[in-house]
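*Asks:* Add chain B to chain A, keeping to what the hints say.
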Amino acid sequence: DAGVIQSPRHEVTEMGQEVTLRCKPISGHNSLFWYRQTMMRGLELLIYFNNNVPIDDSGMPEDRFSAKMPNASFSTLKIQPSEPRDSAVYFCASRGQGGYGYTFGSGTRLTVV
Amino acid sequence: QKEVEQNSGPLSVPEGAIASLNCTYSDRVSQSFFWYRQYSGKSPELIMSIYSNGDKEDGRFTAQLNKASQYVSLLIRDSQPSDSATYLCAVSTGANSKLTFGKGITLSVRP
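Residue numbers (this note's numbering), protein chains in the order written: chain A, 997 to 1109; chain B, -9 to 101.
Just to be clear, a hint being listed does not mean it is correct.
Quick list of in silico lysine to any residue cross-link-like pairs, SDA-like style, CA-CA up to 20 Å [said to hold, decoys possible]: (1) B/K93 with A/V1085; (2) A/K1020 with A/F1070; (3) B/K57 with B/E35; (4) B/K32 with A/S1003; (5) B/K57 with B/M38; (6) B/K32 with A/A998; (7) B/K32 with A/P1004; (8) B/K32 with A/I1051; (9) A/K1074 with A/T1016; (10) B/K57 with A/G1097; (11) A/K1020 with B/K32; (12) B/K46 with A/G1095; (13) B/K93 with A/P1057; (14) B/K32 with A/V1008; (15) B/K93 with A/G1055; (16) B/K93 with A/S1102; (17) A/K1020 with B/E35; (18) B/K93 with A/R1037; (19) B/K32 with A/T1034; (20) B/K32 with A/L1041; (21) B/K93 with A/K1074; (22) B/K93 with A/S1083; (23) B/K32 with A/R1018; (24) A/K1064 with A/I1051; (25) B/K32 with A/N1046; (26) B/K46 with A/Y1096; (27) B/K32 with A/M1036.
Simulated from the structure, these hints should not be mistaken for laboratory data.
This is chain A alone, in the form it adopts within the complex (with noise of 0.2 Å):
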C-alpha cells in the first residue's frame, strides 16, 4: 500500500501564478478530501469527494480555489492566480467506504511569495 501521495512536496511561486496540486487516494478508497494547514487557523476542510463527487465546498476560500476528481485515482486543486495568503501546506486525505478515520498524504508546503 502507497499511502496517499501528493505532488509537489513544496512549491514556491509568484504572486500571480497558477498553482496545481496533485493527489493520488489509497486504491479503494471511495472518499478523499483537501485540507489547508496554518499556525492561526489549524486543519481547514476545503472540499471533499464521495465517489468522485463534490459533496462540500463550503470551506473554498473563494473562486481563486477549485478542485476536481476525474477519476477514483486522481485529484488537482487549483489555485488561479495566487497570493500570498494562501502560503500553507495543503493535505490530501483518503477514506474507504463506510470508513471513519482518514489517511492523509504527506502535504505540500506552498509558498507565494
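*Replies:* Frame of chain A, contents of chain B only:
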C-alpha cells in the same frame, strides 16, 4: 459553526509522567471521535478512535469519551520524549462524513 476546542498549549511533562489532553465539541449529533498525532513537518497520523462513552485503551494510550458533557480526552501513560508532537482532536457525525479538527495542542516530554 460546529467547533472542536482543545486546551491552549503547549503542554510540558517530564518523562514517565501521564500527559492529559482534552477536547470539547459543540455538535451534539457527533458520533465518532479521533486523536491524531502530528510530528513537526509531517502529516497527521491516526492513533486512537472512540465511538462509545467510557474508556478505550491501546498500549500507553487511553481515550475517554463523555457524550453528555461533549468531552473527549487522551491520556498518555509513561510519557516518552518520542511522544513530543502536536495532538489533534477530530470529530465527525458518523461514517462517510467529514472530520472537523481542533487546532491541536503541542506536547513536549522532557527527558
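*Asks:* Tell me if the straight-line CA distance from B/K32 to A/N1046 falls inside 20 Å.
*Replies:* At roughly 26 Å apart (the allowed maximum being 20 Å), A/N1046 and B/K32 break the hint.
*Asks:* Do the alpha carbons of A/K1020 and A/F1070 lie within 20 Å of each other, as the hint requires?
*Replies:* OK: A/K1020 and A/F1070 at ~5 Å, within 20 Å.
*Asks:* Just to be careful, I want the Cα atoms of B/K46 and A/G1095 compared with a cutoff of 20 Å; is the pair within it?
*Replies:* The hint holds at about 19 Å.
*Asks:* Given the hinted pair B/K57 and A/G1097, is their Cα-Cα distance within 20 Å?
*Replies:* It holds: about 19 Å lies between the C-alpha atoms, which stays within 20 Å.
*Asks:* Given the hint that A/K1064 pairs with A/I1051, test it: the Cα-Cα distance must not exceed 20 Å.
*Replies:* 12 Å, holds
*Asks:* Are the Cα atoms of B/K93 and A/S1102 separated by 20 Å or less?
*Replies:* 19 Å, holds
*Asks:* Holds or violated: are the alpha carbons of B/K93 and A/P1057 at most 20 Å from each other?
*Replies:* 18 Å, holds
*Asks:* Can the restraint linking B/K93 and A/K1074 be considered satisfied, given a maximum Cα separation of 20 Å?
*Replies:* 25 Å, violated
*Asks:* Check whether the Cα positions of B/K93 and A/G1055 lie no farther apart than 20 Å.
*Replies:* 16 Å, holds
*Asks:* Is the straight-line distance between the alpha-carbon of B/K57 and that of B/E35 20 Å or less?
*Replies:* 24 Å, violated
*Asks:* Assess, step by step, whether the Cα of B/K32 is no farther than 20 Å from the Cα of A/L1041, and give holds or violated.
*Replies:* 18 Å, holds
*Asks:* Can the restraint linking A/K1074 and A/T1016 be considered satisfied, given a maximum Cα separation of 20 Å?
*Replies:* Roughly 4 Å between the alpha carbons, so the hint for A/K1074 and A/T1016 holds.
Checked against the numbered hints above, the structure violates hints 3, 8, 21 and 25; every other hint is satisfied.
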